[in-house]
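Make the full structure from the sequences, and use the hints.
Note that the working numbering numbers the sequence shown so that position 26 is 26, with each residue one more than the last.
FYI, nobody ran anything at the bench for these hints, they're computed from the structure.
Treat the hints loosely; a few may be bogus.
Label pairs and their computed distance ranges (CB to CB) [claimed, not checked]:
id, residue 1, residue 2, range
1, A67, R22, 32 to 38 Å
2, E59, R131, 19 to 25 Å
3, R131, A203, 27 to 33 Å
4, T37, S193, 50 to 56 Å
5, D68, A203, 22 to 28 Å
6, S20, A236, 37 to 43 Å
7, D15, D242, 39 to 45 Å
Note that the structure is predicted; figures quoted are calculated from it, not measured.
Positions of the beta carbon are idealized from the N, C-alpha and C atoms, including for glycine.
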Amino acid sequence: MRSAEQSRDAASVWDIATPSRRGRLPGVSMAGFRARTTGLVDLGVVPYPAVTVAVDLGEGTLTVADADGRRRSGGVVVGLGSVGVRGRGRDIACLQVRLSPPVAHALLGACAEPGAAVVSLEDLWGRDAARVQERLRAAGSWEERFARAEAALVRRYEAGRAVEPEVAFVWGRMVASRGGVRVERLAAEVGWSRKRLWSRFRARIGLTPKRAAQLVRFDHAAHRLAAGHSAARVAAETGYADQSHLHREVMAFTGATPTAVGGAPWLAVDDVAWAAAAYLSDDGTRTAPA
1 MRSAEQSRDA
11 ASVWDIATPS
21 RRGRLPGVSM
31 AGFRARTTGL
41 VDLGVVPYPA
51 VTVAVDLGEG
61 TLTVADADGR
71 RRSGGVVVGL
81 GSVGVRGRGR
91 DIACLQVRLS
101 PPVAHALLGA
111 CAEPGAAVVS
121 LEDLWGRDAA
131 RVQERLRAAG
141 SWEERFARAE
151 AALVRRYEAG
161 RAVEPEVAFV
171 WGRMVASRGG
181 VRVERLAAEV
191 GWSRKRLWSR
201 FRARIGLTPK
211 RAAQLVRFDH
221 AAHRLAAGHS
231 AARVAAETGY
241 ADQSHLHREV
251 MAFTGATPTA
261 VGGAPWLAVD
271 DVAWAAAAYL
281 SDDGTRTAPA
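Here it is as structure tokens:
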């Protein structure tokens, strides 16, 4: 298994701050990151079953690039399950927010549309994005930044458009089952046809139900790999047909082998930054990743 020392080494690049209290919006979690080095940090981002917002607060410039090399900076939104994303910069400090997809739809709207890998927060919030970034930069502590960020999110959420309850329910069931429930069963549970569920879910969440379930299952598997479990054991315990099936899906989401994903520095910080977070479900329910 992966040693505690290995995990500490991978996470030691960062000073990490987390809120001292539970937030007002279920399905929203936040963490602050400050690099302990002024040198270049270049990290591949492991796809995750949440929409991620990163607001640059540092003296350097944090850029986030998609698989095609398109770069964004300032306030950046990484779409659900985006593949091939990398973060790069020097002297990095940023506030990161993870949003359950149903909540992200109300907060960000357009970013839930298919094909949104990495977009500028300004494209979604207009001038308000720059005002929020300025207020966060001016805050005197991480706790104050969390409070200001939450206030901005609450305003946006109250003004946004919620997804249908059926869509939120289906996402919650996917999370609770770790991607193990069939789409047909979920459609029957909400009284929709498979075609209607497929169409509404994709329009609101940004992925098809099948792909979303695969992403949730992959996330569970990736964290078990990061905890040091063998690929064979992870495949058997997380619903894959066999180790080859796990290998193909991990490659599809990351372009890397299960062994490489298990050692990814991005995963090593999760137990510190998001240990208490309700990071997947829109109702505040947390399913432990490992």
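Against the structure, the hints come out as follows:
1. The hinted window of 32 to 38 Å between A67 and R22 holds, with their beta carbons roughly 35 Å apart.
2. In this structure the hint that E59 and R131 lie 19 to 25 Å apart at CB holds, the actual value being about 20 Å.
3. The hinted range of 27 to 33 Å is satisfied by R131 and A203, whose Cβ atoms lie roughly 30 Å apart.
4. For T37 and S193, the hinted distance range of 50 to 56 Å is satisfied, since their beta carbons lie about 54 Å from each other.
5. Against the hinted window of 22 to 28 Å, the Cβ-Cβ separation of D68 and A203 comes to about 24 Å, which satisfies the hint.
6. Range check, S20 to A236: about 39 Å between beta-carbon atoms, so the 37 to 43 Å window is met.
7. Range check, D15 to D242: Cβ separation about 41 Å, and the 39 to 45 Å hint holds.
The earlier numbered hints are all upheld by this structure, with none contradicted.
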